[in-house]
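Now that you have both chains on their own, put them together as the hints suggest.
Now for the letters of each chain:
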Amino acid sequence: MGYQMADQKQIKLLVKEAELYRTQGLLEESKEKYLKVLQLIRENRQFQNNKKAISVIKGKIRGLEKDLAEIDRETEAPELSGNLQDLIKNLFSFSQDKDAAEIEGAEALAKFGQYERALTEFNRLLKKGVFPLIAAKNILRSHLALSSPDAAINQFREWLSGDLLSRQQLRNIRSFLEYVLRKKGVRATLPEVARESSQKSEDMESEGSFLDICSIRLRLVNGPCKGSVKELEVTFQSGHVISLIISAKDEDLLESFVPGIRLKGVHFFSSIAVFRADATISEYTRIKTGPRRGDYVLSITIERSDRLDIL
Amino acid sequence: MANFNLKDRVIECKIVYYGPGRGGKTTNLQYIFKAFKKQTMGEMVSINTKGDRTLFFDFLPLGLGKIRGCEVKIQLFTVPGQVKYSSTRKMVLKGVDGVVFVADSLQVRRKENLLSLRDLQQNLAEQNNSIFKIPLVLQYNKRDLARESIPLMPVELMERELNGKLKVPSFPASALKGTGVRATLQECLKLTLQHLHRELKWAR
Ligand SMILES: Nc1nc2c(ncn2[C@@H]2O[C@H](COP(=O)(O)OP(=O)(O)OP(=O)(O)O)[C@@H](O)[C@H]2O)c(=O)[nH]1
Ligand SMILES: [Mg+2]
Numbered sequence: 001m002g003y004q005m006a007d008q009k010q011i012k013l014l015v016k017e018a019e020l021y022r023t024q025g026l027l028e029e030s031k032e033k034y035l036k037v038l039q040l041i042r043e044n045r046q047f048q049n050n051k052k053a054i055s056v057i058k059g060k061i062r063g064l065e066k067d068l069a070e071i072d073r074e075t076e077a078p079e080l081s082g083n084l085q086d087l088i089k090n091l092f093s094f095s096q097d098k099d100a101a102e103i104e105g106a107e108a109l110a111k112f113g114q115y116e117r118a119l120t121e122f123n124r125l126l127k128k129g130v131f132p133l134i135a136a137k138n139i140l141r142s143h144l145a146l147s148s149p150d151a152a153i154n155q156f157r158e159w160l161s162g163d164l165l166s167r168q169q170l171r172n173i174r175s176f177l178e179y180v181l182r183k184k185g186v187r188a189t190l191p192e193v194a195r196e197s198s199q200k201s202e203d204m205e206s207e208g209s210f211l212d213i214c215s216i217r218l219r220l221v222n223g224p225c226k227g228s229v230k231e232l233e234v235t236f237q238s239g240h241v242i243s244l245i246i247s248a249k250d251e252d253l254l255e256s257f258v259p260g261i262r263l264k265g266v267h268f269f270s271s272i273a274v275f276r277a278d279a280t281i282s283e284y285t286r287i288k289t290g291p292r293r294g295d296y297v298l299s300i301t302i303e304r305s306d307r308l309d310i311l
Numbered sequence: 001m002a003n004f005n006l007k008d009r010v011i012e013c014k015i016v017y018y019g020p021g022r023g024g025k026t027t028n029l030q031y032i033f034k035a036f037k038k039q040t041m042g043e044m045v046s047i048n049t050k051g052d053r054t055l056f057f058d059f060l061p062l063g064l065g066k067i068r069g070c071e072v073k074i075q076l077f078t079v080p081g082q083v084k085y086s087s088t089r090k091m092v093l094k095g096v097d098g099v100v101f102v103a104d105s106l107q108v109r110r111k112e113n114l115l116s117l118r119d120l121q122q123n124l125a126e127q128n129n130s131i132f133k134i135p136l137v138l139q140y141n142k143r144d145l146a147r148e149s150i151p152l153m154p155v156e157l158m159e160r161e162l163n164g165k166l167k168v169p170s171f172p173a174s175a176l177k178g179t180g181v182r183a184t185l186q187e188c189l190k191l192t193l194q195h196l197h198r199e200l201k202w203a204r
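Going down the list, the sequences are from chains F and L. FYI, in this note's numbering the residues of the first sequence are 1 to 311. FYI, in this note's numbering the residues of the second sequence are 1 to 204.
So that you can see chain L by itself, here it is in the shape it has in the complex (with noise of 0.2 Å):
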């Protein structure tokens, strides 16, 4: 639940990554931490196992200046995408404000696209709130590697089978790249914002 500070006009709003192991959702936050420099408000922490799998989470904090009269604060996290961490995931959605699935275009993955997609409903509804409510956008990412001749699902069947009913906005990208990295993020915060705005009437 965003923190919001109506004496010192400070809102704080919390932004998570999800989807499946080795998607891409950390590249994700280590290209935004350099792309965005003069927005990051800190080090960029991550808490990895031995390999470089996420294991608790990676955290990113954001300042995004003064809008509408409130100064802007954002806490990016990641979850740790592999399956058996299944209650660190619930603790680091904890009081989520927005989400960006990070699907893996891999076609080799478009299974655990779809379970982490469900998990990700599951866990929202334990906290009395709901995937077609929050904000959401999806990301396919990994799209660069259809030039390696690396077998992709086509943007068109990622649509329909994960974006069929949500039907939120989507984009293809390669974080690795940092193609599409900024546009989706953007378009989280647009809409998250957009979402407080409405709940909280921070603006007057």
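So that you can see chain F by itself, here it is in the shape it has in the complex (with noise of 0.2 Å):
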């Protein structure tokens, strides 16, 4: 007899427990104690018959279940208010200097998966010339996001025969997009950057690869270490563009590479030859992801110059 009022309190609490999750929105921790509650009623012999508690308590588990499935499934995020995309955009940007803090804004749009208000975002800072290189992918990237393959593909073609980009950045993207590409699963073939016509910036390509550059010695002219002398080491390197990485540690550095500054006599470091060149920062972007998160990637245009003295 005692057992059984014992039991019948733990039921009552246990009830009590369950109510309380559920009505918390913790509905797994709800229908676990709801399964231990209908357990004690199967295993005690005065509860057998209360079929009416049973079914009552199953009831409550079938709708948690159903609340559980529902959560599972809201994946998508709403379209937002214009009103509340401000406020992200708003919200979402650090940088002191404008234009890269407009991208961050933009950026955080489509983080917040408002891709189409982020690509009405990114397409004004495109046509402005603010960090078009990035503008341009992650106009891509929001076509993706909206499952639009078709649509990225006829953006990039739309670029081919505008202005906007330089041939350097179309190939540039069109390495990206044809990356992405592939990474959905999306079977396409891209249509190819034309190589430039004037004869100038041929040059250096035509002499088939430019010289493989490791790393760059360079006097700063501006910002904070102005007048100190830097040495780089080279990432990567497309024709006479170098990806240079820069620490996060190192963030003032970057205060001296303002895109679109020109970089007199820098020297160049390869594997047979130093030589002397101007170049101009095209830009910096930061790693989002793997070991060198949070450090940047700047870009550099080694000018086609006359004056590339081999020393």
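FYI, nobody ran anything at the bench for these hints, they're computed from the structure. Watch out, some of these pointers could steer you wrong.
Distance ranges between label pairs, derived from CB positions [as the list claims (entries may be wrong)]: (1) F:Val229 <-> L:Glu43: 25 to 35 Å; (2) F:Gln46 <-> L:Glu126: 48 to 58 Å; (3) L:Pro154 <-> F:Pro224: 33 to 43 Å; (4) L:Glu43 <-> F:Glu74: 17 to 27 Å; (5) L:Lys177 <-> F:Lys16: 13 to 23 Å; (6) F:Lys226 <-> L:Glu159: 24 to 34 Å; (7) L:Ser86 <-> F:Pro224: 27 to 37 Å; (8) L:Glu159 <-> F:Asp97: 54 to 64 Å; (9) F:Leu40 <-> L:Ser86: 31 to 41 Å; (10) L:Val83 <-> F:Arg276: 18 to 28 Å; (11) L:Ser86 <-> F:Cys225: 36 to 46 Å; (12) F:Ile245 <-> L:Leu200: 49 to 59 Å.
Note that CB positions come from ideal geometry on N, CA and C, so glycine has one too.
And the structure:
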């Protein structure tokens, strides 16, 4: 008798717990408690006939399972109002630099699934010439997120026939698009980027491959480290565009590397020669994944120059 | 990263409420919104799922007035606690200056507290920050349920499990009733402003 009383009390407590978890949205926990209740009722002879109680508890469990399945299905991000989108844009742009802040705001919109609005923003930035490579890649990414690879490919075609992007940039974007399409399992043949028609810029590439550059040395002409000499390692090279990594620790170096700035008399070290030429900062981007996450990739274009002095 | 406008002497910093799903982060902000009416500088914005789970974040702007000759503005955020919203949590955590970790005192949420704290540690590390360096306070929420004879973890156990290594200030609380909410926020603000003061040396 005393044993059964204790069971009854335990069941009451369990039901109370299960109900509380349910109201707090802790559905798994609630279900677990109800299952325990069910088990106790079944084990206890006195409750065996209590069909009604059993069916009530079973109903509760079914309800919870339905809610759990619904939560599992919630995957799509809702389209937010313009006001909320503006708020997101403002709250998630941190850079002091106005252009960088605009890019961050647009990237945040995409991250929160507001792809249509993100597209509008990135297109506006691209037209203004703000970080064109980043803007263009994000435009393609947003099209793909809206699951329209065709729109992405058409957009690329459109850029090919326009003059928003340089050939160098288009080539970069083409390999990017090829890569993301392949990752999505989309097979498509992308139109090639025509070679430069101007004789001048052709020269460097027509020599076959440009010298492989391992590192560069330069004197900083502005920024907090102005005047100091830096040596940086090259991580990637495509023709006369080279990429360098700047560690997040040396972030203040970036102030010396404003896109568009021309660096005079940079020393380029290759395995067979050292030469000197001018170069322009193309852009820098923050690395988002992998072991160097948080660091920056800086792209520098070596000027096709008659002053290419072999030292 | 706090935004410090030297010219206008305005400092704006970001406090994020972090913790396992359903632990009471949003309830904290709702209480603050009601109780700090004078300091709120706008509506509280919540972007939720169809239920009342946070989908993106809650946002509440506060103004603390002048401190050491500087106008201090605070942005309070909550992250979505559900495990599946991992990338949103990273996004909301960007540029954070101080963290309130809201732990759930319910015994059934013991493991989730630990997992969420580890998630916070990882996400801070990804931002080149550290859980051991950032201004942080812990809150042991839902203490009111002890009276309802719902199984809760003793504060000492939570202290050992969650705060054994961190050794940061911690507060038992009931966000629903409002007890401990103010103390938690005030301590986090104090630590955050002290930290920024050291970093930015804004007061002269
Ligand atoms: N009894 C009690 N219930 C609380 C307390 N704090 C929150 N709750 C309840 O717990 C549930 C979840 O609270 P929320 O504030 O939405 O939790 P959250 O941490 O924002 O959850 P997510 O947005 O999913 O991460 C709600 O039903 C609240 O009413 C508390 O101190 N005591
Ligand atoms: Mg919430």
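For Val83 (chain L) and Arg276 (chain F), compare the CB-CB distance with the range 18 to 28 Å and indicate the outcome.
Hint violated: Cβ distance 55 Å, outside 18 to 28 Å.
Assuming the hint says 31 to 41 Å, is it satisfied by the Cβ distance from Leu40 (chain F) to Ser86 (chain L) or not?
Roughly 37 Å apart at Cβ, these two residues keep to the hinted range, so it holds.
Should the hint that Gln46 (chain F) and Glu126 (chain L) are 48 to 58 Å apart at their CB atoms be regarded as holding?
holds (57 Å)
Range hint 33 to 43 Å: satisfied by the CB atoms of Pro154 (chain L) and Pro224 (chain F)?
violated (52 Å)
Could you see if the CB distance from Glu43 (chain L) to Glu74 (chain F) stays within 17 to 27 Å?
holds (25 Å)
CB-CB spacing for Glu43 (chain L) and Val229 (chain F) relative to the 25 to 35 Å hint
Because 53 Å falls outside the window, the suggested range is violated.
Range agreement (Cβ of Leu200 (chain L) with Cβ of Ile245 (chain F), hint 49 to 59 Å):
violated (28 Å)
Regarding Glu159 (chain L) and Asp97 (chain F), is the given constraint of 54 to 64 Å on their beta-carbon distance met?
violated (44 Å)
For the pair Ser86 (chain L) and Pro224 (chain F), does the Cβ-Cβ distance stay inside 27 to 37 Å?
Cβ of Ser86 (chain L) to Cβ of Pro224 (chain F): about 36 Å, so the range 27 to 37 Å holds.
Has the hinted range 36 to 46 Å been met by the Cβ atoms of Ser86 (chain L) and Cys225 (chain F)?
holds (37 Å)
Is 13 to 23 Å right for how far apart the beta carbons of Lys177 (chain L) and Lys16 (chain F) are?
holds (19 Å)
Could you see if the CB distance from Lys226 (chain F) to Glu159 (chain L) stays within 24 to 34 Å?
violated (51 Å)
Violated hints, listed in ascending order, are 1, 3, 6, 8, 10, 12; each of the other numbered hints is respected by the structure.
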